[in-house]
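Protein chains in written order, with our numbering: chain A, 1 to 210; chain B, 1 to 507.
Honestly, the hints are just simulated from the structure, not real lab data.
Watch out, some of these pointers could steer you wrong.
[What the hints assert, rightly or not] From the structure, some residues in chain B lie toward chain A, with a derived Cβ separation under 10 Å:
1. Glu153
2. Arg432
3. Arg491
[Unchecked claim] Chain A residues, not near chain B, derived (Cβ > 12 Å throughout):
4. Thr101
5. Arg174
6. Gly176
7. Ser195
[Stated by the list, open to error] Capping the alpha-carbon separation at 25 Å, the derived lysine-lysine pairs in DSS-like fashion look like this:
8. B/Lys176 to B/Lys248
9. B/Lys451 to A/Lys120
10. B/Lys212 to B/Lys248
11. B/Lys212 to B/Lys228
12. B/Lys362 to A/Lys163
13. A/Lys163 to B/Lys212
14. A/Lys30 to B/Lys362
15. B/Lys359 to A/Lys123
16. B/Lys111 to B/Lys180
17. A/Lys163 to A/Lys120
18. A/Lys120 to B/Lys470
19. B/Lys165 to A/Lys30
20. A/Lys30 to B/Lys451
21. B/Lys163 to A/Lys30
22. B/Lys446 to A/Lys30
23. B/Lys180 to B/Lys132
24. B/Lys176 to B/Lys165
25. A/Lys151 to B/Lys424
26. B/Lys371 to A/Lys30
27. B/Lys312 to B/Lys359
28. B/Lys417 to B/Lys446
29. A/Lys123 to A/Lys151
30. A/Lys122 to B/Lys424
31. B/Lys43 to B/Lys228
32. A/Lys68 to A/Lys151
33. B/Lys163 to B/Lys43
34. B/Lys346 to B/Lys366
35. B/Lys198 to A/Lys116
Ideal Cβ placement from N, Cα and C applies to all residues, glycine included.
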Amino acid sequence: MAENPETDDTIETTKQNQSEEEVEHSDEQKQEDELRSLLLSDIGDLPLSPPSATQVNFVSYFITDFTKPGHDQYIYRHANGLCVIGLAPTHIAFKDEGGITNIDFNVGKSDRSVLKVSGKRKKNAMRSESNTALCKVSTAKDSYIVRCCVKGSLLEVNERLIKQPQLLNSSADREGYIAIIMPTRPADWTKNKESLITLEEYKAKKEVSL
Amino acid sequence: MADETKPASGDSAGLSNGLVSHGDHKSRRVYQAARSLHSGAVKDLLSLGVCERCIFRLVSVEAFDSDLSSVSASTLRSWLESGDEEAASSEESSCCIVCLGVLQFVFSDAKQTLVRSECGSDYAARVTDLVKEEGHEFDSFGLEVYVPATILENERAVLLYLKGKYNSESWLQSEKISVKDALKVLVLDPLKVSLGAKSDSSSFQIRLTYSKASDEAQGASETTRERKKRKTDEENGSTSMSENSFEKVYEPCILSIHCNKMPIFFSGRYFKYSRNVSQTRWIIDDERMGEASVEELIGGNILPACLGDSYKFHAAGREDIDSSIIQVRMLGSGRPFLIEVQNSRKCPSQQSLTEIEEKINKSEKKLVGVKDLKFIGSQCWAMMREGEAEKQKQYAAIVWIARPVEEKDIDSISSLKELKILQKTPVRVLHRRSPLERERTIHWMKVEKIKGSSHYFLLHLCTQAGTYIKEFVHGDLGRTTPSMGSILGCRAEIIQLDVTDVKMGDS
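Modelling step: build the complete structure from the supplied sequences, incorporating the hints.
This is the structure we're talking about:
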């Protein structure tokens with residue numbers, strides 16, 4: 001078992017390089033650890049199911065039996081005043097077999113889905129009253145008119161629904177939203193609000209757990 | 001108070017009659033110029049009440065000269081009047097009906113005291129005192145002079161009168177230097193001497209503003225009717241101006257001095273440690289939102305060191321109040337910013353800036369950190385512009401998903417490079433921004449599991465400037481695609497977001 005000095009040397013150097021790399025690596029590691037502990041320091045206990053972005057950023061309002069029985073809609077109002085409109089879970093359209101199969105924005109005098117609102121001042125936005133028709137949703141059985149519920153400017157309709165109406169069935173409260181309306185004056189919203197009910201009241205009324 | 005019989009310029013050793021027959025070339029030239037003026041016009045103007053230097057301005061053919069500054073008004077008067085080198089006017093001249101005392105070096109100060117100066121250097125000394133009160137440090141200055149509009153009207157009236165009497169004279173045809181420019185010619189050099197500074201179109205301006213003492217007493221501005229009459233008279237070629245037209249009361253102007261320094265800039269990078277600190281002052285209905293602002297924590301420390309009037313904060317980008325900008329052992333570059341200070345009186349040294357930086361970094365409440373604070377010149381805007389465009393930003397987000405995180409999720413996310421996403425203007429800013437669809441790039445992502453939780457993970461990502469991260473995670477009602485949720489096929493929410501790095505160009 002003769003010792004080979006050359007190999008020994010090489011082994012020595014490799015060991016040295018390795019430990020240098022290790023030092024570098026552990027420096028990086030330290031930084032990563034420090035970053036991670038900084039990042040995680042504020043959160044406290046992570047709840048099993050945190051509130052959703054909608055719940056955090058919006059106040060939920062509902063209107064039930066709007067112009068016709070069973071026509072229940074939600075109005076999610078953001079802190080900046082914008083209102084997201086959609087179908088509440090108890091809307092009668094969902095009761096039909098097969099759910100909603102089609103949506104048509106061409107109601108009233110114009111096709112709501114071809115609006116081109118532009119600029120900070122939201123030029124060309126359609127003015128809406130609370131009972132202005134927004135769209136028509138159809139099931140195998142029947143079709144139902146959805147209305148604006150809010151007086152203001154119609155900024156956007158969810159045109160994804162045209163190709164994917166099933167979003168209304170699967171997530172009417174998120175990806176299946178129908179439109180975004182900006183109330184033009186604070187006074188308009190205050191007046192509007194009188195005909196709306198809160199989430200608690202809605203739950204109580206419909207005896208539904210959401 | 002200089003002796004009225006001597007010219008203020010020094011050089012008249014031994015001669016008691018105000019004459020400098022040899023020695024002072026300047027005064028000699030002025031004397032000769034005075035003698036060469038049209039004597040009829042001079043006499044008329046003197047009796048109307050026009051001051052000596054205005055007479056030079058209006059009647060002389062030669063250019064108005066700074067030499068006039070060193071000869072006292074009374075000496076000038078004696079040279080204009082009789083040419084008698086011995087006589088000297090001993091009355092105090094009344095306020096000029098054209099320049100209202102401006103070229104006579106007479107004004108009212110803030111306390112309404114009348115201030116008279118014999119010559120340009122005396123006047124400059126008074127102005128210097130007032131400038132010093134403003135407290136600026138400077139080695140060069142620009143001079144601005146503002147005079148009331150009535151001076152122009154007074155001048156027009158006198159010229160009209162002169163045209164009426166001496167229409168064909170050649171000296172009347174040349175362009176006359178304005179009162180404003182004449183004052184600058186007279187006082188610029190003496191000011192340079194008494195302020196000890198150079199003159200240039202520099203970043204430090206001294207503004208001399210003359211204003212009417214009172215409305216009635218200034219040969220008050222023309223009424224519309226008077227103006228119409230004057231214009232028609234001019235057109236008709238008739239001049240109704242006579243010596244009687246000038247019988248109003250004239251009072252010297254009030255002089256106020258204002259010094260202004262152009263804004264100076266400081267650059268640096270900041271870190272934000274608190275989730276309750278907004279970037280800029282945020283006040284709604286008189287109530288402050290958040291605990292403090294980055295702008296005030298930094299600007300509020302720099303402003304006093306500059307003895308400035310106010311400051312403006314500019315940053316290359318912004319983050320939400322509830323996001324922090326992380327600093328790990330001085331890594332992470334922080335967000336670039338500029339502080340612009342208006343009307344600073346002094347420019348703090350780099351040493352002072354370093355001390356300010358330390359003070360902010362060592363403060364008890366660790367809200368904000370600063371690095372690389374330094375003075376920066378006119379290239380600051382180019383720096384900000386290039387920063388805005390090029391920067392990539394790195395973030396760390398805490399994400400929750402509706403189902404447990406699996407290894408394949410970690411792999412599928414990390415494998416996405418240069419992912420293009422389309423973001424419609426987020427609902428949370430849609431009220432104040434244009435409804436647009438913006439394409440953005442997520443350069444890379446990395447997932448780290450969090451101990452003790454199967455639904456949460458740490459997401460590190462590097463994105464193009466202008467990407468809305470929160471919306472990329474929760475999808476913003478499907479208006480950002482793809483989103484974390486759509487990639488993983490389930491609902492995703494963002495719990496916390498921090499900026500870990502802001503790269504600018506090569507830095």
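Tested hints:
| no. | hint | in the structure |
| --- | --- | --- |
| 1 | Glu153 | violated (46 Å) |
| 2 | Arg432 | holds (6 Å) |
| 3 | Arg491 | holds (7 Å) |
| 4 | Thr101 | holds (19 Å) |
| 5 | Arg174 | violated (6 Å) |
| 6 | Gly176 | violated (8 Å) |
| 7 | Ser195 | holds (23 Å) |
| 8 | B/Lys176 to B/Lys248 | holds (24 Å) |
| 9 | B/Lys451 to A/Lys120 | violated (45 Å) |
| 10 | B/Lys212 to B/Lys248 | holds (14 Å) |
| 11 | B/Lys212 to B/Lys228 | holds (23 Å) |
| 12 | B/Lys362 to A/Lys163 | violated (58 Å) |
| 13 | A/Lys163 to B/Lys212 | violated (75 Å) |
| 14 | A/Lys30 to B/Lys362 | holds (23 Å) |
| 15 | B/Lys359 to A/Lys123 | violated (49 Å) |
| 16 | B/Lys111 to B/Lys180 | holds (24 Å) |
| 17 | A/Lys163 to A/Lys120 | violated (29 Å) |
| 18 | A/Lys120 to B/Lys470 | holds (22 Å) |
| 19 | B/Lys165 to A/Lys30 | violated (95 Å) |
| 20 | A/Lys30 to B/Lys451 | holds (17 Å) |
| 21 | B/Lys163 to A/Lys30 | violated (90 Å) |
| 22 | B/Lys446 to A/Lys30 | holds (18 Å) |
| 23 | B/Lys180 to B/Lys132 | holds (23 Å) |
| 24 | B/Lys176 to B/Lys165 | holds (18 Å) |
| 25 | A/Lys151 to B/Lys424 | holds (23 Å) |
| 26 | B/Lys371 to A/Lys30 | holds (22 Å) |
| 27 | B/Lys312 to B/Lys359 | holds (20 Å) |
| 28 | B/Lys417 to B/Lys446 | holds (10 Å) |
| 29 | A/Lys123 to A/Lys151 | holds (17 Å) |
| 30 | A/Lys122 to B/Lys424 | holds (15 Å) |
| 31 | B/Lys43 to B/Lys228 | violated (30 Å) |
| 32 | A/Lys68 to A/Lys151 | holds (19 Å) |
| 33 | B/Lys163 to B/Lys43 | holds (15 Å) |
| 34 | B/Lys346 to B/Lys366 | violated (29 Å) |
| 35 | B/Lys198 to A/Lys116 | violated (60 Å) |
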